[in-house]
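Asks: Single-letter residue listing:
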Amino acid sequence: MRLLLIEDNAALRNALGQYLREAELIVDFAETGEEGLWAATENSYDVVIMDLMLPHISGMEILAKLRERKNPVHILVVSALDGLDDRLKALDAGADDYLVKPFSLAEALARVRALLRRRYGSKAPFLECADLTLEPLTRNVQRGGCSIDLTALEFRLLEYLFHRCGEVVSRSEIWEKVFEDGTGGMSNVVDVYIGYLRKKLNKENAAELIHTRRGQGYVMESRIP
Amino acid sequence: MKRPSIRRWLIFRYGMSIGCLLVAAGISIYFTVKHSMFTALDNSIRQTAALLENQVELENDKIQFEWQENLNVNRILTANSLFQYWDEQTGETTRSPAFGSGNLPKFCGPDFSPVLRDIELPSGHQGRAVGLRIKPYVVAAEMERIQQAGRVINPRRRTLILVVAGDAEPIRETLNRLRWILIGFLFLSLAVGFFIIARVVRLALKPIVHLTKQVRNRSELQVDHALDLPPGLPSELLGLTESFNRLLGRVAGIREREANFIRLVAHELRTPVAGLMATSELALSKKREAGDYERQLISCHQSAQELNELIKRLYALAKLESNLEPYSMEELDLVLLLNECLRPFVREFADSKFSLAAPLPSGTSLILADPYLVRLIFNNLLDNALSYTRSAGEIAITFEIAGDVIIIRFSNTTASPPDQPERWFEPLFRKDTSRHDAAHHLGIGLTLSLQAANAMGWALAARQTAVDRVSFEIGIPRKFWSSGSREQL
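In the order they appear, the protein sequences are chains V and C. The first sequence: position 162 = 161 (numbering that gives the first Met the number 0), numbered continuously. The second sequence: position 486 = 485 (numbering that gives the first Met the number 0), numbered continuously.
So here's chain V without its partners, still in its complex pose:
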């Protein structure tokens, strides 16, 4: 899951960014409104977290411009402005959620997760496909009751495939959303990590869940033989 964090306060930006990264989310940073708007327009993010009072272009302007351009990204506003007016204005302008500073990082993460669930049309706090389950909060992955040990990148890849369960996901989409340097040039690293994941999930002759669609990408689904 790729997030954009637009925040001009370095301490908050660094702390929140690191916390989200430690929760296996990919976070890009922007310090000014101008940078933030450019990044949100040029890349595809699952969630944008942004302050309202930003240098050069305010958060409200970014909101208005993104919605004007029909950008469907989910936006979480984090602001020190706690007035009802400020909150209503931001939500009416197209924000999906509003968090008043100072806030708990855990709450910010929970809200981001809620936005991610909404983004991918899921309501349950855990993800399920056949006998495979994934709990984002505890980062626990089980198949047939047995825990599977995954690296951070493999976990992110699996979580993304879970969110897109039943859909064909292209390599470039995976590259963008799962890999840290996903904004750069893509290599065959996606296929390599899909291979690693398959190996860990398909122990003891379990049914294949990640299927290859030649020329299109991958799809995660349980196929009844």
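If you only want the chain C side, here are some residues facing chain V, beta carbon under 8 Å, derived:
{"#": "1", "residue": "262"}
{"#": "2", "residue": "273"}
{"#": "3", "residue": "284"}
{"#": "4", "residue": "298"}
{"#": "5", "residue": "301"}
Taking lysine to aspartate or glutamate and the EDC-like style, the derived pairs with C-alpha atoms no more than 16 Å apart in a straight line are:
{"#": "6", "chain 1": "C", "residue 1": "478", "chain 2": "C", "residue 2": "330"}
{"#": "7", "chain 1": "C", "residue 1": "105", "chain 2": "C", "residue 2": "86"}
{"#": "8", "chain 1": "V", "residue 1": "202", "chain 2": "V", "residue 2": "148"}
{"#": "9", "chain 1": "C", "residue 1": "285", "chain 2": "V", "residue 2": "23"}
{"#": "10", "chain 1": "C", "residue 1": "105", "chain 2": "C", "residue 2": "119"}
{"#": "11", "chain 1": "V", "residue 1": "88", "chain 2": "V", "residue 2": "60"}
{"#": "12", "chain 1": "C", "residue 1": "285", "chain 2": "V", "residue 2": "21"}
{"#": "13", "chain 1": "V", "residue 1": "64", "chain 2": "V", "residue 2": "34"}
{"#": "14", "chain 1": "C", "residue 1": "286", "chain 2": "V", "residue 2": "21"}
These are computed hints drawn from the structure, not numbers from a lab. No residue lacks a Cβ here, since even glycine has one placed at the ideal position from N, Cα and C.
With chain V's structure known, arrange chain C on it following the hints.
Replies: Same frame as chain V, now just chain C:
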């Protein structure tokens, strides 16, 4: 003490005015009627006197009165009239038949002219009387007979005094009735007048009552809302209400600025607090390497410093605004102090490739001021120039004497300065809405400088002197100059 009341004042004044007018009108009516009635009476007795004068004849050396000849006209004439003749030759007197045995006062005017007087009638009534000397009429045959007898009788010497009186009692009774009617009418008019005036005044004051209600019924949240101006509001109140609304508008502006200030202060305080909280929460979220903790502690320290600086500045602002700390005016060398403040900035200006032109006067220029506040102003203006001068721009500091004021001008070139220079002194005002449009700037420096200047009785103003140049001018009035400063400057 009872407060003056417009209502009472209007009712009393209008009532008194109407009362006075009514009294004057009543008096004039009374005297006009009295005068006309007495004039009519006087005319009546004069006419009677004229008729009776012509009814006296000299016949056989005797005075004959025609009215005694029982002619119908005479009867009418004599029936109700009161008159009396006195023969001045014989002393005989003749009274009218309507008259009893009493006498009228005997009087007459000089020669044969009549004279009018108020008299008391024998009946005891008041009356009016005309008295005149008359001469009898001598018919032609009698004159011839007298001439034949060779006697010389001059009728002019055979005179009588005639007094004709009229009873004034009916007039007095009529006037008495008229007086009471007028007094009654006066009181009734006053009562009705007061009632009508009270109603009219109440109606006239209704808009004031309406506005008072509007003001009284305001909730705390509506204190600065403009008053409604109903279409029928009188012009006298319209001006007052519009002025009041303008005042409320200013109050609303101040409240809005205060609310904005509080909102911005909350924002300014919350942001470093959010940084502190987030960093500490991150540090505590799991076991970390020592290097991680060190980085997070550095971040917390920076946020705390930022917070401390903000609180220090806000406190300084609050102190200056509420005069909590007395400032001390002492003699100081203005140029020396400016040089001291400028020194640390010179290197920074050079590092930023700004050109500095500061032709400061040589020698000492003593003024009376608080050195702490003067330093605060100079440092803030220099810091402002450092932060907002555009790349490879110019900074100039000049001294000038304009009349009775020393002007120290700090000007610099800047890219697109914000509009409304007077707003630059507002607390937390920034060109950009964000917190970091000029690195470490908190948006309070200029506010502090203005407060400091005002506290010492100086002036501080900002102007945009060209499209890309702004200027801050400090004005120091003559009363703060020490002797010799002018020559030095």
